[in-house]
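K.L.:
The residues making up each chain are set out below.
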Amino acid sequence: MPEITYREAIRQALRYQLQHDERVFLMGEDIGAYGGSYAVTKGFLEEFGEKRVKDTPIAESVIVGAGIGAAMAGLKPMVEVMTINFSLLAIDQIVNNASKLRYMSNNQVSVPLVIRMAGGAGSQLGAQHSQSLESWYAHVPGLHVVAPATPYDAKGLLMAAFDSEDPVIFIEHTALYPMKGEVPDEPYRLPFGKADVARTGKDVTLIGYGGSFHQAFRAAKQLAADGIDAEVINLRTLSPLDTDAILTSVRKTNRAIVIEDDWQFGGFGGEIAAIIQEHAFDDLDAPVMRCSGANIPMPYNGALEQAALPQEADIIRLVKSMVQR
Amino acid sequence: MPEITYREAIRQALRYQLQHDERVFLMGEDIGAYGGSYAVTKGFLEEFGEKRVKDTPIAESVIVGAGIGAAMAGLKPMVEVMTINFSLLAIDQIVNNASKLRYMSNNQVSVPLVIRMAGGAGSQLGAQHSQSLESWYAHVPGLHVVAPATPYDAKGLLMAAFDSEDPVIFIEHTALYPMKGEVPDEPYRLPFGKADVARTGKDVTLIGYGGSFHQAFRAAKQLAADGIDAEVINLRTLSPLDTDAILTSVRKTNRAIVIEDDWQFGGFGGEIAAIIQEHAFDDLDAPVMRCSGANIPMPYNGALEQAALPQEADIIRLVKSMVQR
Amino acid sequence: MATRFISGRSDVARSVDKQPAASARDAAPGPIALLQTMMNIRRFEEKAAEMYARGKIKGFLHLYIGQEAVATGAIAALRGDDYIVTHYREHGHALARGLEPGRVMAELFGKSTGVTGGRGGSMHLFDISKSFFGGYAIVAGHMPLACGLALAEQYKGTNRIVANFIGDGSVNEGEFHEALNLASVWKLPVIFICENNLYGMGTAMRRVSALVEIYKRAEAYGIDAEQVDGMDVIAMHAAVSRLAAKVRTGEGPAFLEAICFRFRGHSMADAELYRTKGEVEHWRKLDPITQLSQQLIAEKTIKKTDLAAMQARSDTLVADATTFAEDSPNPPLDSLMRHVYQEPADA
Amino acid sequence: MATRFISGRSDVARSVDKQPAASARDAAPGPIALLQTMMNIRRFEEKAAEMYARGKIKGFLHLYIGQEAVATGAIAALRGDDYIVTHYREHGHALARGLEPGRVMAELFGKSTGVTGGRGGSMHLFDISKSFFGGYAIVAGHMPLACGLALAEQYKGTNRIVANFIGDGSVNEGEFHEALNLASVWKLPVIFICENNLYGMGTAMRRVSALVEIYKRAEAYGIDAEQVDGMDVIAMHAAVSRLAAKVRTGEGPAFLEAICFRFRGHSMADAELYRTKGEVEHWRKLDPITQLSQQLIAEKTIKKTDLAAMQARSDTLVADATTFAEDSPNPPLDSLMRHVYQEPADA
Ligand SMILES: Cc1ncc(C[n+]2csc(CCOP(=O)(O)OP(=O)(O)O)c2C)c(N)n1
Ligand SMILES: Cc1ncc(C[n+]2csc(CCOP(=O)(O)OP(=O)(O)O)c2C)c(N)n1
Ligand SMILES: [Mg+2]
Ligand SMILES: [Mg+2]
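Residue numbers (our numbering), protein chains in the order written: chain A, 5 to 329; chain B, 5 to 329; chain C, 3 to 349; chain D, 3 to 349.
Chain A extracted, bound-state conformation:
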């Protein structure tokens, strides 16, 4: 299989959709002439023209809202809001319109819209540009929330996102764009709500998604050297959440840790912990733990930023404390 980057995997899915579905068009700030702020759509304007690749004003609310409207009218728009931080300016459209219209209209209307945004921290972009708000979106019924961790995930999940008749929040982790991995040339879809058990193990379950999956995976390799056998789950989608995969794993390992970049307090890790303890209470040998971002706005300084984010060493320390329990 060819090795391509996460960025290229996303590009392949977008190009495929533009080529095969006339209803698909892309809009967003600087996706055309500039080539996309993370170069995901570079060359698309030249290849597909202004009708299919639309540079927009800097006006997140109307771009997303126009995507919703166009989706209601039977098209299949993809709106890029550049980064998850700016999605706050469109969040009323996402929550009060996109997520609710099918239900409110009693199934008369649907919103088959894909909203892509880059999330995550770790590049010293400061407090206003380093947020991981996926837990907010996962909280909202009516949305699908997707967070690919690998090039293979990225292509397969984005292909599936275009099949969805409901709005999809597609969150790409900024640090992963250059990461390489094997990706088939041909189109394929990964189902929503199916996690990937990326490593099997028997001592502890490490649960991650997007960027945090890789930390979990690397920590698992290091733990193996110490004779601790960790199972690693890559969630792929936060909503729907593959609780079956999580519970099956925890029933085997009897311990679980969620790893997430986001602020711990009130974050998605809490939901996973709550579900595990509710459904696998008697299987747990230790409380479900969370290895999350610090509850602070993100500092610019590199060392401080790293200290604010979960590290492999933190995961390893936590695992050891749990296994010894």
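Please note that a few of the clues may not be correct.
Distance condition first, Cα-Cα at most 20 Å in a straight line; then the derived EDC-like pairs of lysine to aspartate or glutamate [what the hints assert, rightly or not]: (1) B:46 - C:272; (2) A:55 - C:317; (3) C:306 - C:289; (4) D:218 - C:226; (5) C:218 - D:221; (6) A:46 - D:272; (7) B:256 - B:282; (8) B:55 - D:274; (9) B:324 - A:190.
In short, the hints are calculated from the structure, not lab data.
As the structure is a computational prediction, the values presented were derived from the model and not from experiment.
Fit chains B, C and D with the ligands to the supplied structure of chain A, relying on the hints for placement.
P.N.:
The following block gives chains B, C and D with the ligands in isolation, referenced to the frame of chain A:
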């Protein structure tokens, strides 16, 4: 002590602040000539004049942002955004500015701003007007999130909110405005981060806030008739969260249920469950359970709406299933 | 949790559904038909108020009484397949577009026969079979959607247009600005119809708006903009006919400010502290129904008895609608969790 | 978790802190001083680019090269206690306002001696001792804050004003509209200075804006608005002096559109695919530093050797600043959790 309504309790705190602190002023949509959409500020425009009580355009972002700016300049604004649903239009200001400015500026600037909003459901206002997004705000470091359940709480917490040198999201539950309770005439403050153990018991801990506290309390009374002795905690503030009070209670009762109007998936109940199982793992006789709103946009029809919200009967059923475990 | 259903699409090339050839516009309605529609709306709203008082309708109820000429004139000037996207004060628009009064009243009652099965309520009427794409309750929040529907029709190459009704309260929201700019720069086929009833809840436009002539705001985006007497249904009809024709050619959006007045409070809970009786009286004299009735009688187009017959027709229509609503069942409780996402049966 | 600290206030009446009597405006700076400031900024930015390439500066770095006349002229026309609220391309504004170059460079390096202790970085400079109330990275998101600061001064009855710098990319955001309307309707003492460098990232203003003459947008809110050559520091200074004086009288806001150009990419990552070399060359000929230098020499106000001396001064200033930044320590790791909320020691 005089019995007054929740609405009147809030009015008392606001009037006190207007009378005693020249730096305090109020702004919001229809708080003046109209008297406030929940009549909280009725008569204030006449009493305090246009300088102190400002009717604003319908423009949530600039109102909240102007509140932040005025707070940075040493004033003590109170911004009313009418309902939590509309706060989505100002959420960029709240998250990217209000919550972060102290940290980002390295403590040069602070944002002593009180943002009041009505939340909750149950009045058949439909999907766009029935949200409970307090879990979102609680997730954001740099904010205090307050959710008074009683007239006594409302006055004491709002008085304290005006003492805060950091932004306070003050969420009033729409269904509670007419509720009466004892409230001292004189000013008093309730500390943030201190829950109220409203009923002591030994069999199970029921945790609620705002509207859900009352359901928990009523359920506890009914459970008493069945010989089940529930302890009921009124959180008062979600952030800071009084984990000590929660853990102390759970270590005694060995069981806990969180009650919340909000969507369960990814909601605040998950955070509480995660904390309890982490810190009181060996004390739990049953998993921490959640009695939450259904994961759907809110339907208009009254029976459907009630079915989408947690009910006392649901709490009782849950408690019984846990006690029997 | 089960994997959520995602309809599997095969990898065959997809094309845009072309609209059926545009149906010719319904023959322009005469003034009598316009009057009848206004009377129907008025009666419907009076009945809704009564039903609210009797506890049959709950939640927020925003009546259209006084503003009937706006929706009636505007919608009569549109093609039946032009989209309507409107605010929460939308019973008038729904009736003017031809939604069944019984199903609208049933919606207010929260019944399963309502246009959205009792899920939406007064603020969220939808009937896409009539291209009525909804009432929305976030001020100005529906303007981006209107732009999107218009964008889709432009993309498909049809000549369907979008009519987007907004209140004067919308014009200071950020989304108003974003929507007008986008519509203008992309030449979207949308006509914004601003119902300037002088107040947003209790706040007089002039107290919160830098520019009180709203249509001039639209001009600042290079949008063709006009002001019209929103108490005059004939004038409304003429203005929208003219602007819609222009928008339909693909030249870009239009904006119409209709000066009007609501005779009742903002919602049923409004104590109306912010305006004087005198002001309300002044406007009541401009009642769009009375004005047109008197004009038609003066011109001898109709007789007083005709008027009575028309009123009787409205009464019957609304009485029947109310009976239908009363007699309809509540939605089944087990439908609660349906239609949050697409279900296999939808595909 | 411990109860978070809330400073206990007693129930004594509180009054608004009155500002100290406004200090007279610093004597109007002459052209030589303006030139020196522009040269300092230019040199600073060149050095920052170099330090970025060497990995000393991380994250996003947006250079001000080409636009020096805007901040320099504008800020020299303001009183030292007037607030500056600006965007993320703000090193120039910071230096023009007199922030210590060493502490600004240290901030870019993320050092503890930086103006925000290494926490804010390039996009979030703050120095409230100089009334420099921050650089912000959400496009247009700082405009409401500027309104709020202005509101506070109006409330207190001072005659301090706010200068709010924005980019051309801001003007289609909803907050632009909300802020201009509020400022106008409440007559807030704020001057909006729009640095129209023709592009927002790679998007040319004319491709996404219905009205390309930005100052005309402001006029639609009844705000005094002007356009000025942003490559001419003397013109900038004159325009801001005039508008600031007006705003200071309490008559309401003003808006100034400064036409300018950035010579470098949007940020260090920009491949500049969206504009031609010819366009950049055209504008480079209008370099504000060259223009003023040539003018001063032509007028014989200065000699070529003076120019060299001035350049040397800039070089030294920036070299010293860089050494200071290099030599400064990183912030201590145990400061990580500090200052999320007020701490007892702050009260
Ligand atoms: C974003 C938002 N803010 C506030 C409200 C509360 N609200 C409901 S209607 C209304 C007034 C709207 O006035 P206008 O647009 O003039 O419409 P009218 O009621 O006069 O028809 C307000 C403020 C809301 N629904 N949405
Ligand atoms: C709300 C928001 N949307 C998008 C961005 C990404 N972004 C950063 S700078 C920029 C362009 C802004 O252009 P302009 O205001 O003209 O300023 P300039 O960079 O030209 O100085 C964009 C789109 C952002 N920071 N904030
Ligand atoms: Mg109105
Ligand atoms: Mg620009």
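K.L.:
Please go over all the hints and tell whether each is borne out by the structure.
P.N.:
Results of checking the hints against the structure:
Restraint check for residue 46 of chain B and residue 272 of chain C: the C-alpha separation of about 12 Å stays at or below 20 Å, so the hint holds. Under the criterion of a C-alpha separation no larger than 20 Å, the hint pairing residue 55 of chain A with residue 317 of chain C is inconsistent with the structure, at around 51 Å. For the given pair, residue 306 of chain C sits about 17 Å from residue 289 of chain C by alpha-carbon distance, which is consistent with the 20 Å threshold. Proposed proximity of residue 218 of chain D and residue 226 of chain C is supported: the alpha carbons are some 17 Å apart, at most 20 Å.
Distance restraint check for residue 218 of chain C and residue 221 of chain D: the Cα-Cα separation of roughly 11 Å lies within the 20 Å cut-off, and the hinted pair is therefore satisfied. Note on residue 46 of chain A and residue 272 of chain D: the hinted pairing holds, with a Cα-Cα distance of about 12 Å set against a maximum of 20 Å. The suggested pairing of residue 256 of chain B with residue 282 of chain B holds, with an alpha-carbon distance near 16 Å, which does not exceed 20 Å. As the CA atoms of residue 55 of chain B and residue 274 of chain D are separated by approximately 49 Å, the hinted pair breaks the 20 Å bound.
With a C-alpha separation of about 54 Å, the suggested pairing of residue 324 of chain B with residue 190 of chain A is violated against the 20 Å cut-off.
Against the hints set out earlier in the document, violations occur for numbers 2, 8 and 9.
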